[in-house]
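Enquirer: Sequence:
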Amino acid sequence: MTYSELLPLLTVESKDNGEIFTQTRRLEQIKSLLQHSPYEVLYEGKLSIIYGKKDVTPAKAQLLVSSHIDTVYDRCFCEESDSCWKGTFDNSATNTALVQLMLENKIGDLVLIAFTGDEEIESRGAQEVKRWFHQQTWHPQAILVLDVTNEGWDDAVSFTIENDRGFDLLTAYQLISSIQEAEQPCVFLHDALPDETWIYGEKQSPDDRSYPCLSLCLPVGGDMHSDTGCWLRKEEPQMYMKILSRLLESLA
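Each residue of the sequence shown is one higher than the one before, starting from 1 at the first, in the UniProt record's numbering.
None of these hints come from the bench; they were simulated from the model.
Built from N, CA and C at the ideal position, the CB exists for glycine as well.
It cannot be assumed that every hint is accurate.
[Stated by the list, open to error] Capping the alpha-carbon separation at 25 Å, the derived lysine to any residue pairs in SDA-like fashion look like this:
hint	residue 1	residue 2
1	K242	L33
2	K46	V12
3	K242	H134
[Said to hold, decoys possible] Here are the computed distance ranges between Cβ atoms for each label pair:
hint	residue 1	residue 2	range
4	E249	A59	31 to 37 Å
5	E5	S205	21 to 27 Å
6	D207	I176	16 to 22 Å
7	G18	Q238	19 to 25 Å
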């Protein structure tokens with residue numbers, strides 16, 4: 001399925017009360033779309049679901065990609081024009097990119113995928129994912145968080161890199177090289193608005209761990225949290241997916 005086919009399917013309600021999902025339309029749609037994909041559910045908690053490649057031992061995985069599915073909208077919608085979509089795309093825009101890559105089997109075998117809740121409030125979905133790490137004694141080498149952003153919209157960039165933390169110099173050099181090779185305009189923001197990197201990249205308790213992580217964000221125009229929706233340029237998601245694949249290859 002194409003991005004334009006998937007986006008309206010995933011721009012549907014998804015809410016939680018900080019403890020459990022209370023509106024699950026998007027979660028159920030993701031599970032349905034991936035039912036016959038190369039992926040299987042490794043864990044389903046109250047505020048997260050984690051996928052891994054079938055026939056690949058999860059313990060061998062090196063990376064995690066995390067994309068939150070909770071929304072703050074009273075009504076979700078997706079409309080199409082010649083050059084843009086308009087809709088409630090926080091965070092269905094990157095959920096769609098991730099699901100498309102999973103359906104097309106374009107993510108490496110050693111990558112786990114998490115869809116999470118409660119990002120808009122306390123990021124308890126990401127906290128639940130971290131607890132699962134510890135229970136499995138599995139610790140990713142790096143985590144990529146996917147989200148939308150207003151940064152870079154006016155400059156028509158294809159993606160932004162935000163809230164990077166914890167990478168050693170060699171890995172940082174590899175990431176920068178991958179981005180430069182893409183030859184696409186982008187924005188770097190070392191300290192941006194809070195997102196799941198604030199959970200994955202910081203110790204939440206003395207016995208917790210922090211992980212190297214960054215947010216790869218897809219620029220949108222307008223108020224991301226408004227029921228009137230925001231704008232997403234049609235040409236941007238394909239480059240966003242390409243840079244996501246490129247970054248995963250450089251980190252693996």
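Enquirer: None of the hints should be skipped; say for each whether it holds.
Expert: Taking the hints in turn, this is what the structure says about them:
1. For the given pair, K242 sits about 21 Å from L33 by alpha-carbon distance, which is consistent with the 25 Å threshold.
2. Between K46 and V12, the direct Cα distance comes to roughly 19 Å. Compliance with the 25 Å bound is thereby established for this hinted pair.
3. For the hint pairing K242 with H134, the CA-to-CA distance comes to about 31 Å; that exceeds 25 Å, so the pair is violated.
4. Look at E249 against A59: about 21 Å separates their beta carbons, and that is not inside 31 to 37 Å.
5. Judged by the Cβ atoms, the range 21 to 27 Å given for E5 and S205 is violated: they are separated by roughly 43 Å.
6. The hinted range of 16 to 22 Å is not satisfied by D207 and I176, whose Cβ atoms lie roughly 33 Å apart.
7. For G18 and Q238, the hinted distance range of 19 to 25 Å is not satisfied, since their beta carbons lie about 35 Å from each other.
Going down the numbered hints, you'll see the structure goes against 3, 4, 5, 6 and 7, while the others check out.
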